[in-house]
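Put together the whole structure using the sequences plus the hints.
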Amino acid sequence: MNFKNHRKQSFLDRFPTASLDSPEDKIASLCKFNFSYFTHDQPAGQNFSDWTEVQLQKLLDKLVNYSKKPLVQWEKEKIGQGKNHVLEVYGSFPKKSDFTQPKHIPHQAKWARFRLEGSVRLIGFVIPDDFNKKEQNKSSYNFCSNTFYIVFLDKDHNFYK
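For the sequence shown, our numbering begins at 3 and goes up steadily by one.
DSS-like cross-link-like pairs, simulated, lysine-lysine; straight-line CA separation at most 25 Å: (1) Lys85 / Lys112; (2) Lys112 / Lys78; (3) Lys163 / Lys80; (4) Lys34 / Lys71; (5) Lys157 / Lys80; (6) Lys112 / Lys34; (7) Lys105 / Lys157; (8) Lys80 / Lys28; (9) Lys71 / Lys157; (10) Lys34 / Lys60; (11) Lys112 / Lys135; (12) Lys157 / Lys78; (13) Lys85 / Lys98; (14) Lys60 / Lys163; (15) Lys70 / Lys28; (16) Lys70 / Lys80; (17) Lys60 / Lys71; (18) Lys163 / Lys97; (19) Lys157 / Lys85; (20) Lys98 / Lys163; (21) Lys60 / Lys85; (22) Lys64 / Lys112; (23) Lys97 / Lys157; (24) Lys136 / Lys34; (25) Lys70 / Lys60; (26) Lys78 / Lys163; (27) Lys105 / Lys136.
If you are wondering where the hints come from, they were derived from the structure by calculation, not from laboratory data.
Below you can see the structure in the form of structure tokens.
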């Protein structure tokens, strides 16, 4: 006869089984979003309060979805007609833009955009690959080229004309 202790099993089932050192865990490869450089004081850009609740919900849904893969994956992922990708890394700040390059953004930043839907874009930058995993100023913190630093909300596609 095989007896099972259901209460014991129910108690044990409540504990997490995921582990950072598991071969199935992919947390290190997942992209990250950082809002510390967010700027909303330019006429072409918007603040969160300028967006509707529906627009904000769509933005958060997209961020949740985009967080499931590394940035390089989104650079390869095609969207819409033609050669466009979900994430386009431009490198330098565009010459034809309704935005002005903020002075507080590092000059090494590689400007980029996530296409959200229609003409809606999320503008920001990534760290160049040659800085990836390098320690910043003996701080014990390393740069990460898998982080997207959000700078502007662009609901009218005015960043890169």
